[in-house]
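Chemist: Residues per chain, in single letters:
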Amino acid sequence: MAYTEEELKKELETKEYAYGFYTDIESETFPKGLNEEIVRAISEKKEEPQWMTEWRLEAFKQWQKMAEPEWANVHYAKPDFQDISYYSAPNKKPKYESLDEVDPELLDTFKRLGISLDEQKKLAGVAVDVVMDSVSVATTFKKTLAEKGIIFCSISEAIKEHPELVKKYIGSVVPPRDNFYAALNSAVFSDGSFCYIPKGVKCPMELSTYFRINQAGTGQFERTLVIADQGSYVSYLEGCTAPSRDENQLHAAVVELIALDDAEIKYSTVQNWFPGDKEGKGGVYNFVTKRGLCERNAKISWTQVETGSAVTWKYPSCILKGDNSIGEFYSIAVTNNFQQADTGTKMVHLGKNTKSTIISKGISAGRSQNSYRGLVQVQARAENARNFSQCDSLLMGNQCGAHTFPYIEAKNKSAQIEHEATTSKIGEDQIFYCNQRGIDTEKAIALIVNGFSKEVLNKLPMEFAVEAQKLLEISLEGSVG
Amino acid sequence: MLHIENLHARVEEKEILKGISLDVKPGEVHAIMGPNGSGKSTLASVIAGREDFEVTDGKVSLDQQDLLDLDPEERAHAGVFLSFQYPVEIPGVTVTNFIKASINESRKARGLEEMPANEMLSKIREKSALLEIDRKFLSRSLNEGFSGGEKKRNEIFQMAMLEPKLAILDETDSGLDIDALRIVANGVNKLRNKDNAIVVITHYQRLLDYIVPDHVHVLYNGRIVKSGTKELAKELEEKGYDWIKAEND
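As they're listed, the protein sequences go chains A and B. Numbered by the working numbering, the letters in the first sequence go through residues 26 to 506 in order. Numbered by the working numbering, the letters in the second sequence go through residues 60 to 308 in order.
Treat the hints as calculated values from the structure; they're not laboratory data. Keep in mind that a hint or two might mislead.
Computed footprint of chain A on chain B, listed as stretches where at least three residues anywhere in the stretch have a Cβ under 8 Å from a Cβ of chain A [what the hints assert, rightly or not]: (1) 124–133; (2) 237–251.
Subject to a maximum C-alpha distance of 35 Å in a straight line, what follows is the list of computed DSBU-like cross-link-like pairs (lysine-lysine) [as the list claims (entries may be wrong)]: (3) A:450 / B:159; (4) B:195 / B:118; (5) B:73 / B:159; (6) A:380 / A:346; (7) B:289 / A:479; (8) B:224 / A:450; (9) A:479 / B:195; (10) B:253 / B:167; (11) B:285 / B:253; (12) B:253 / B:159; (13) B:195 / A:450; (14) A:303 / A:227; (15) A:303 / B:285; (16) A:436 / A:192; (17) A:70 / A:224; (18) A:450 / B:167; (19) A:450 / A:479; (20) A:224 / A:57; (21) B:167 / A:303; (22) B:285 / B:249; (23) A:86 / A:103; (24) B:73 / B:253; (25) A:450 / A:224; (26) A:479 / B:84; (27) A:479 / B:159; (28) B:224 / B:249; (29) A:450 / B:298; (30) B:289 / B:304; (31) A:380 / B:195; (32) A:193 / A:450; (33) B:182 / A:479; (34) B:73 / A:450; (35) A:377 / A:227.
From the structure, some residues in chain B lie toward chain A, with a derived Cβ separation under 8 Å [unchecked claim]: (36) 160; (37) 161; (38) 165; (39) 168; (40) 171.
Values in this document were obtained by computation on a predicted structure and should not be read as measured data. Built from N, CA and C at the ideal position, the CB exists for glycine as well.
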């Protein structure tokens, strides 16, 4: 492990949310409320072409006709969509080639977040496209990527520079009318990342984006589009931290992945939005739509470690359209205090010989509620489709809840579908056993939780796995005893 | 080394230990025998610091250090080791990983650096050879799917790795067939030296054929009612516990 025991101990001692601070950077914020004018203004602000404006307006129309979904196993005060500002951008707008040009206060924020845009990161081979409050402010390694023909930039830039790709693929996997939050995102998305890997190219480094919410009361609507052309490969990392805040913050992102014939996309997320305080006050609402499309022989793997947010509503899914395509979902969802998570996946088998694997690990502590919700759907022409699902829940204490809602729909007789589920509890016996071997209770919990989550942690890229392990420990701090 | 004086302990309202006194010197092996429900396992748990039991009176110290004020992990750092009657499973945590955490936490408590990986490795090699442990065993999840014999052998392996001052073996013979018993007992014998002490808690005499005690104590109804040499254990084996009960009821 890259961090020392001392650092780990320090972190375990930190009672409050480690990243709870607010950076004061002058920004331009739109008035609260949402209407056609605001949608147009966002588009104009971002200097978008006419087709994009029309696309947003159409999405807005759809959204107006839709109702907020209520089927998830979560309870919260619904956001007032007219009380949110839909655009906020750091004032000093120019893009930077070198870090020296970046606002020092912003750099300090990155430091406190543990995001290093410095040599270490470069040596680790990570190019970081940082999304700070809706506008990308720093991009590195672009040149190296460009040599391979890889495009990795903000979605705003892609709309201007690569309109043919964006126009072709945006909304092709998650159409604006897909659901309430996807429609909202389509109308008002502020920024996000775009990635295109050309035919046959293996992306030489992990692509990584960090998201933050930084402006009081501004919902953040990120839009991510990743396209892996035929026979290409990319591993994409997404990590989030957010400053603490009293009022609820809305986050409704859309992520679309397109894996063309023989391509592979690995998409890894460590999510650590502010979960609210110990009394359940504040915290981020995270309503995310993530979906990938697999063409022939393509493969998409979603790996997520979800430790944050007050309310999570998230189902990274795969449409296995092409024959022999593969979809995977590996998830760790941790809830503590008053957090609520309803998360899982959809695996839609359309092509022949398609395979999917689902490994879900839910950890609930405090008075939280943790639900797995998954759909495995085998369509009529999907001969020999196979799925394996495993859903394990770990409970800490007597006041939390773990729920599993697996849905299976098979319309082809040749389908093979397996589902396994377990529920266990961290017992005082386990803790005492560890104590007796000289391991204190906090460390014992970390050990037990890491053991429980191992199958999923192993799927993360190395440096992310370390970060994720740390997060699990911080998230469950003080949850037993 | 271990000094217990007039120890009283209860669980909820029920008094289980009713004034136990015991002295164990370095290099000694003491056996604590007694019928079921006499308080043997409670004594082990109280020394190790299990919270379910409340100590109402008395003293327990290890090398003059008061143990009763310490948390269970601090007692472990001080050199107390308990081989559990029912070792728990920790899925996904390998035997190696667990022992590594255990050793390094104890070192940290003593202000030492983590044990270097190569040192750890050679120690694991040495101790697993000593206890005839297959290397594959070390990569399995702790106690998960272990047979009774494997669980107990794993306890003794941890003891070997941690090198405690005082090892308490709680019913280490329970659930073992005769071959497993012999392997475990041989392991314990190899770990005996002039600086450490071992307290063997057992219901039956048979373990004491292999781990020969210097002193035998009979615990009944929360008190030590008889102490003697290994001959006492033989006598108990022949006559059972009824005569002890008759003398003390």
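Chemist: Does each hint fit the structure? Answer for all of them.
Modeler: A quick look at each hint next to the structure:
| no. | hint | verdict |
| --- | --- | --- |
| 1 | 124–133 | holds (count 3) |
| 2 | 237–251 | violated (count 0) |
| 3 | A:450 / B:159 | holds, 24 Å |
| 4 | B:195 / B:118 | violated, 43 Å |
| 5 | B:73 / B:159 | violated, 38 Å |
| 6 | A:380 / A:346 | holds, 11 Å |
| 7 | B:289 / A:479 | violated, 48 Å |
| 8 | B:224 / A:450 | holds, 33 Å |
| 9 | A:479 / B:195 | holds, 19 Å |
| 10 | B:253 / B:167 | holds, 26 Å |
| 11 | B:285 / B:253 | holds, 26 Å |
| 12 | B:253 / B:159 | holds, 26 Å |
| 13 | B:195 / A:450 | holds, 28 Å |
| 14 | A:303 / A:227 | violated, 45 Å |
| 15 | A:303 / B:285 | violated, 55 Å |
| 16 | A:436 / A:192 | holds, 34 Å |
| 17 | A:70 / A:224 | holds, 34 Å |
| 18 | A:450 / B:167 | holds, 29 Å |
| 19 | A:450 / A:479 | holds, 17 Å |
| 20 | A:224 / A:57 | violated, 44 Å |
| 21 | B:167 / A:303 | holds, 31 Å |
| 22 | B:285 / B:249 | holds, 29 Å |
| 23 | A:86 / A:103 | holds, 20 Å |
| 24 | B:73 / B:253 | violated, 38 Å |
| 25 | A:450 / A:224 | violated, 48 Å |
| 26 | A:479 / B:84 | violated, 44 Å |
| 27 | A:479 / B:159 | holds, 17 Å |
| 28 | B:224 / B:249 | holds, 15 Å |
| 29 | A:450 / B:298 | violated, 44 Å |
| 30 | B:289 / B:304 | holds, 20 Å |
| 31 | A:380 / B:195 | holds, 32 Å |
| 32 | A:193 / A:450 | violated, 48 Å |
| 33 | B:182 / A:479 | holds, 26 Å |
| 34 | B:73 / A:450 | holds, 28 Å |
| 35 | A:377 / A:227 | holds, 26 Å |
| 36 | 160 | holds, 6 Å |
| 37 | 161 | holds, 4 Å |
| 38 | 165 | holds, 4 Å |
| 39 | 168 | holds, 7 Å |
| 40 | 171 | violated, 11 Å |
Hints 2, 4, 5, 7, 14, 15, 20, 24, 25, 26, 29, 32, 40 from the earlier list are contradicted by this structure; the remaining hints agree with it.
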